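All chains should be built: construct the whole structure from the sequences, respecting the hints.
Chain order of the listed sequences is A and B. Using our numbering, read the first sequence as starting at 1 and increasing by one per residue. Using our numbering, read the second sequence as starting at 1 and increasing by one per residue.
Incorrect hints may appear among the rest.
[What the hints assert, rightly or not] Derived lysine-lysine pairs resembling PhoX-like cross-links, with alpha carbons at most 20 Å apart:
no., chain 1, residue 1, chain 2, residue 2
1, A, Lys111, B, Lys37
2, A, Lys77, A, Lys111
3, A, Lys111, B, Lys85
4, B, Lys85, B, Lys24
5, B, Lys45, B, Lys25
6, B, Lys24, B, Lys45
[Stated by the list, open to error] Among the chain A residues that face chain B by a calculated CB cut under 10 Å, a handful are:
no., residue
7, Leu28
8, Trp57
9, Tyr58
10, Leu60
11, Met66
12, Pro88
13, Val89
14, Gly92
15, Asp97
16, Thr108
17, Lys111
18, Met113
19, Ala122
20, Phe125
21, Asp126
Please keep in mind that the hints were generated in silico from the structure rather than gathered at the bench. Fair warning: this is a prediction, and the values are worked out from it, not measured in the lab. From the three backbone atoms N, C-alpha and C, an ideal C-beta is built for every residue, glycine too.
Letter by letter, the chains look like this.
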Amino acid sequence: MNLIEHLLTTDAIRLKAKADDWKEAVRLGVDLLVAADSVEPRYFDAIIAMTESLGPWYLLAPGLAMPHARPEEGVKKDGFALVTLDRPVAFGSPDNDPIDILITLAATSAKTMNEESIVQVATLFDDEERVARIRNARNHAEIERILGDI
Amino acid sequence: MYAQEVEIVNPTGLHTRPGNAFVKKAKEFTSTINVIKGEKRANAKSLLTLMKVGCSMGDHVTIEAVGPDEVDAVDGLVAFVATLKD
Chain A
1 MNLIEHLLTT DAIRLKAKAD DWKEAVRLGV DLLVAADSVE PRYFDAIIAM
51 TESLGPWYLL APGLAMPHAR PEEGVKKDGF ALVTLDRPVA FGSPDNDPID
101 ILITLAATSA KTMNEESIVQ VATLFDDEER VARIRNARNH AEIERILGDI
Chain B
1 MYAQEVEIVN PTGLHTRPGN AFVKKAKEFT STINVIKGEK RANAKSLLTL
51 MKVGCSMGDH VTIEAVGPDE VDAVDGLVAF VATLKD
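This is how it looks when you write it as structure tokens:
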């Protein structure tokens, strides 16, 4: 599944959203995946529980999180959701906090997650100028332009 | 410069949780460390670049370091990869 096409066609995007803490930030992304019929609501609980026991292992770089849980935690189909925050939140990782861009992932198999979904997310964000443009985008049209430039 | 090849033996590869643990281990060393798979290179201290390369079970990768603790860094990370179970 192509990340960019998916984001643009499912409209699983929320920009400059408000979240008081990391859990609310994760919730915003999961809500988009629930609305897209990609995950069951319990996917949120799984991400929170895993984060509390393992720490936020999915922080890719400063400012950037990629929350996800295992396929068996309520994934119905592959999906991506993009959330940017009006004000960044701390996930408890000095190397990467504060976080204000989240790509929430759902994948129907660990192999798809590791070898396709995550590689696509990392490729999208391994460009500081692009990350800055995504961070500053105020509406879907701007996001479409940024993603369309790739 | 010092380098060693290692085979990824754990089912999850250097993805997500094991990848994050690998990056944390790499940050214990001061040397510049790269993970090389074929034509692709990742900074071992950046989960983002490591995820972009995508190291899966069965892949052979080269861990290469340049710096004052390059031998310890490479040997330490090769040993670390061999202990991954997840």
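Next item on the list: Return the numbers of the hints above that this structure violates; sort them in rising order.
Entry: 7, 12, 13, 14, 15, 16
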